[in-house]
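Student: Each chain, written out:
There are 4 protein chains.
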Amino acid sequence: MRRLRMGMIGGGPGSFIGGVHRIAAELDGEIELVAGAFSADAAKSAEAGAKYGIDASRAYPSYAAMFAAEAERSDRIDFVTIATPNHVHLPAARAALSSGFAVMSDKPMTATLAEARELVRLTATAKTAYRLTYTYTGYPLVREARRMVADGTLGVIRKVVVEYSQGWLAEPVERSGTNKQAEWRSDPRRSGEGGCIGDIGVHAFNLAEFVTGRRVQAICADLNSLVAGRVLDDDCNILMRFDNGAPGVLIASQIEIGGLNGLRLRVYGDKAALDWSQELPNKLTVNYLDGRCELRRAGGGELGADAKAATRLPMGHPEGYLEAFANLYRDFAALLRGTGTAALVPAADDGLRGMALIATAVSSSRAGGGWTPLII
Amino acid sequence: MRRLRMGMIGGGPGSFIGGVHRIAAELDGEIELVAGAFSADAAKSAEAGAKYGIDASRAYPSYAAMFAAEAERSDRIDFVTIATPNHVHLPAARAALSSGFAVMSDKPMTATLAEARELVRLTATAKTAYRLTYTYTGYPLVREARRMVADGTLGVIRKVVVEYSQGWLAEPVERSGTNKQAEWRSDPRRSGEGGCIGDIGVHAFNLAEFVTGRRVQAICADLNSLVAGRVLDDDCNILMRFDNGAPGVLIASQIEIGGLNGLRLRVYGDKAALDWSQELPNKLTVNYLDGRCELRRAGGGELGADAKAATRLPMGHPEGYLEAFANLYRDFAALLRGTGTAALVPAADDGLRGMALIATAVSSSRAGGGWTPLII
Amino acid sequence: MRRLRMGMIGGGPGSFIGGVHRIAAELDGEIELVAGAFSADAAKSAEAGAKYGIDASRAYPSYAAMFAAEAERSDRIDFVTIATPNHVHLPAARAALSSGFAVMSDKPMTATLAEARELVRLTATAKTAYRLTYTYTGYPLVREARRMVADGTLGVIRKVVVEYSQGWLAEPVERSGTNKQAEWRSDPRRSGEGGCIGDIGVHAFNLAEFVTGRRVQAICADLNSLVAGRVLDDDCNILMRFDNGAPGVLIASQIEIGGLNGLRLRVYGDKAALDWSQELPNKLTVNYLDGRCELRRAGGGELGADAKAATRLPMGHPEGYLEAFANLYRDFAALLRGTGTAALVPAADDGLRGMALIATAVSSSRAGGGWTPLII
Amino acid sequence: MRRLRMGMIGGGPGSFIGGVHRIAAELDGEIELVAGAFSADAAKSAEAGAKYGIDASRAYPSYAAMFAAEAERSDRIDFVTIATPNHVHLPAARAALSSGFAVMSDKPMTATLAEARELVRLTATAKTAYRLTYTYTGYPLVREARRMVADGTLGVIRKVVVEYSQGWLAEPVERSGTNKQAEWRSDPRRSGEGGCIGDIGVHAFNLAEFVTGRRVQAICADLNSLVAGRVLDDDCNILMRFDNGAPGVLIASQIEIGGLNGLRLRVYGDKAALDWSQELPNKLTVNYLDGRCELRRAGGGELGADAKAATRLPMGHPEGYLEAFANLYRDFAALLRGTGTAALVPAADDGLRGMALIATAVSSSRAGGGWTPLII
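Protein chains in written order, with numbering that gives the first Met the number 0: chain A, 0 to 375; chain B, 0 to 375; chain C, 0 to 375; chain D, 0 to 375.
By construction, these hints were calculated from the structure, which means they are not laboratory data.
We put the CB at the ideal spot given by N, CA and C, even for glycine.
Check the hints yourself; a few may be wrong.
Said to hold, decoys possible - Calculated cross-link-like contacts (lysine-lysine; reagent style DSS-like; alpha-carbon spacing at most 30 Å): (1) D:K307 - A:K179; (2) A:K307 - C:K282; (3) C:K50 - B:K307; (4) B:K50 - B:K179; (5) B:K282 - D:K307; (6) D:K43 - C:K270; (7) C:K43 - B:K179; (8) A:K307 - C:K307; (9) A:K50 - D:K50; (10) D:K307 - A:K50; (11) D:K179 - D:K43; (12) C:K50 - C:K179; (13) B:K270 - A:K179; (14) C:K179 - A:K270; (15) C:K307 - B:K282; (16) D:K282 - D:K270; (17) C:K270 - B:K307; (18) A:K282 - D:K179; (19) D:K43 - A:K307; (20) C:K270 - B:K282; (21) B:K282 - D:K270; (22) C:K282 - A:K282; (23) B:K307 - D:K282; (24) A:K270 - C:K307; (25) C:K270 - C:K307; (26) C:K282 - D:K282; (27) B:K270 - D:K307; (28) A:K282 - C:K270.
As the list claims (entries may be wrong) - What follows is a list of derived Cβ distance ranges for each label pair: (29) C:R116 - B:G176: 56 to 62 Å; (30) C:V172 - B:R116: 53 to 59 Å; (31) A:R188 - B:D150: 39 to 45 Å; (32) C:T127 - B:R120: 57 to 63 Å; (33) B:R365 - D:A304: 56 to 62 Å; (34) B:E170 - A:V172: 32 to 38 Å; (35) B:D150 - A:G339: 53 to 59 Å; (36) D:I374 - C:E117: 43 to 49 Å; (37) B:A113 - A:E301: 52 to 58 Å; (38) C:R116 - B:T127: 56 to 62 Å.
Start from the sequences, fold in the hints, and give me the full structure.
Tutor: What follows is the structure, given as structure tokens:
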């Protein structure tokens, strides 16, 4: 079985997520990175290509050049990964899809909700696949959580609390001149209108919907820019209302000192409740109405098929972020090969909902709070 | 030094908190329970008196009877503890203060905001002390947290997240006929207009203000009654705005299955952040802007005077809820003896603010969310 | 029901454990401290008496004086608590028992094994009760653990690991001139031949036997004095063999920096395993052969009667060391009143076994390791 | 920079560790698996080769065939990974080294101590590199721990406690007919004379020596076969003496129900102490003599160069077992390229010491305990 060939857009020098995509995609031996338009600067693109060990001729100065050249090759790439700042997501995906290349895009889907709507339309008629990397859906116990809700173990969903705590923007590091990540993520021209809400809030939102299978209908948002001089929000506190009436809370922040990458989801049903945290990603706490409290662990015999398929190692051997990420790519590879459906990998509609969250949160917050239906 | 003499109002058969007040008050050997109007039913009051080991003649059928009789004794009680359902708080406190007996009242202050305003006026002119038992302010590391904020260790307070998670009302146990606690706490005539918000939300609110020294100015509340047929709220999600502009989130629930008595406070400053949880009450996590993460533990040499004074045992010997509660009584005893100020024990104004929270939360939630200034 | 009257031997100025005994004994309102021979120095005894709030006439200069005077009173003490350094345990207990006063003694039973044998003989013929405070047997979940083993939930016991980690003797604080606790505990004339093994090793040993119901038959010990100049051991590492052939490990240390009072017990059966730690005393982790992992919590409905009886508060309200200690006193009070058997409170035989551990460990270690049958 | 070419010996159908070596080796894009003698059964070797996606012509029926064929190729393999049962380790390594291929071997080094001595001699004169995969040395915070000891942060090492807890052999699964892992690991002909001690005890032992930089001089061992009918040990409890006189304890077990892969190391110095556990591999707890307790986390700015180099992701993105394993391969690749020294990757002498542990533990335990100098 040949390895699928991946091209990358973005991920050049200074990128964090580019290297992550490379490792995650290649981890299971089903995909290899063979080409890339890593930077709009040809020299930097070549530099990244060399670092990734790809053939120099396949490090392109633009995605347009990549699509043109690759289309001519017999060993052409099978798909592209988009690992750029947000404002490039739409044009890159549009070009890829129109050239017949499948797309795995980083999140959020686009820079604006309007762009997302356009991309949803494009994917609806595209002849090839589009998926996006809400990474956290790849954790085995997140998938187990989803299954338990779907199985009715929790009963009716009554409440959801989801948090994403970071502290790396507690100071104005975007003005330090040495932090490219902070620069583009706090710049509306490249990030879109969401700062924290767009960078990590959408992850939390997607996680809540992914696990519960419920859709958020309305929110009441308080977005703040707590570091002086910052244009975009760096702190988000949101009340949510799900489509079955259940309340929810979403807290995301990039100024919570001590918050590393603290994603946590709690789902309360009328029969049981779940608690999962990325800090201990291989555990899932389940509390039942009768008082029982149990821990489920990656690799456990009691887990469902989705969680088992997402685990590579025996119990007690920690798998982490890269392995979760790799699960998305493994499923995506199966989709491209026609051996799987990638049902658990977020698709265009999930991307659109994330953009709707951003737009609605900004709108609700600017309006001084108050319940606002999700603008979609 | 003689032990101060305590009378109790409420705390009869079926009461949880009465026994707790007795243990907490007596724990340090400075107070003894000698009298009580434990129930409006004389037989039940006598039964409770016998259980507590007090002289039969001092188990009264009403607080009025107690005040009348005790006033005549040379060994009369020094103060009363009010451990009744909320609607009795005001009349009992009013009678005590007017009879010259100091008062230690359970929370919330009263059943309604109007009552609280009246009680504030009464305490302002009373010749003796009034305090109330927001228990959690008695934990050594909560007091340490307060000190660290006051010392400037955290810098400017940027954000507060406080949670109080319970699950004991996940079913309609108030209709089981066997749960007196659930009955009165979910009954507006005895609880007032707040259910969860009045029972535990006020604790969370007080904790946030106690530690940060900041006052909440406005809130945006979503109160829910998630169990069918329940009149009062059993779930509260509130966005807060502090007087320095800092955002906050308060989550309290009694339907979160698996939530035992999960009180947790996180305070984020621009220099450091604190994380305290009742589950491990003898630890306080402190994260600094430079990445350092330290644990402070009860008994540690680095702690301030307040925390040290609130600890009885060497490091590693767990102290819990009763000891925290006892710290309030110990401080209160010092106040009555004139050897201390009880500066850390919540007073009438703190009680009023809790009632304001309830009223404002109910109002904001009914109005469909939206920012509402604290009605006080 | 009148409160039982307690006299105390030891517990004078500078004592840690005296105040603990006072609080624990009085916590449930069944006992009150009314007399004491708190120090061999009459002035100090009086000082302590005043601090404890007892009548000045009942603060005696010696236990002999106390027994003589109390025997004449109609409100004489019902029992004594012995809270002295170890070398006083035997003579004080002997005098009490021969005077007809029941005894609650601190551990270890005596200073030497020979003394313990004598005390066992005395208790066998005494007309009143003798018990000793291996405090940790009082924790609700320790009692639950014992019950689960007795019920067969664990199946055959295969292995036991028990640890007691402290760090307060990591420096030669006994030579600082300001640490009375360290002074007598590291002084063979007052402590006996065991340092760490006698102070905390016996607690760990008792806990293992208490929970498993099995008896240690032989050990292989390595005792160390790791701080220069210290005479007694401050670190103990012991391999154990139980009477059913199961292996065990006991680790106790007072030089493990960061060890606060880290008592932890793990018991492995062929059907299930238990893990309990004083750091989170209200939880018990149970792992089953089929992979299930559950948490039991104080107050939970699934707990047995012993654990329920040992819990005062609803789930999630932390109870700690003082409450565990108080459980021993409450059971002891019931024994004295004839309303209970105090079956869970360690008795003379348990005390003797602790002394046997000390003697055997010292012997095994001096002999250069090797398996040594328990000298008893 | 071309990817180094790896051949694998072992790792065929049913192997757990073969796939792990593949992922770990390839994770950083510096190595690719291109050949293998995956099984002594040619069909199975071909099957594995196909699964790994290598060219059919390079799936060999024996390592001898592989070495012969690869030596003729211009794109020959650069090194081999040995991922077989223990009894094949020596002959495979011998053949590789004599053919000029570098070796990365799984642990333990060989099946017997005599074989290990021979292999040490072979590596001493070999023209190429030999290393072995004590995986846990690859964790960033294990490397940080080592650095902190080397830097003197802990002061003099006083005590070491290392544990490795598993429960997967709590039943006689080796006789189920479906567990190849259990079969060979409990079979002396393939495992050697150590069961648990050889499978995981050596990991714990190596970790203790790796971090402390101290060497164990003598041990006192108690090995047990707790499951009826099992020939090799499944439970090991060992007292240790380090070369500076410090005591230590090593506990390893495969019958501890609930033990997943619970590796934990505690190192106590006279200035500070460390606590690391694989369950939370990205954290390291450091306790200081003055009472301070701090957490160090992967990615933290305070970490030393070794830990930083071993981390790929920002703080809070969990890295796990595969990433730790990959760190060994990355260092090994640098060694082969001449751009690094692989100083942190265990070498022949470390392998020999592990075999000495096994031999000495078996000997000490059979002799009935007692201190036994390490037979080396």
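Student: Check the structure against each numbered hint from earlier and tell me which ones fail, lowest number first.
Tutor: 6, 7, 8, 14, 17, 20, 34
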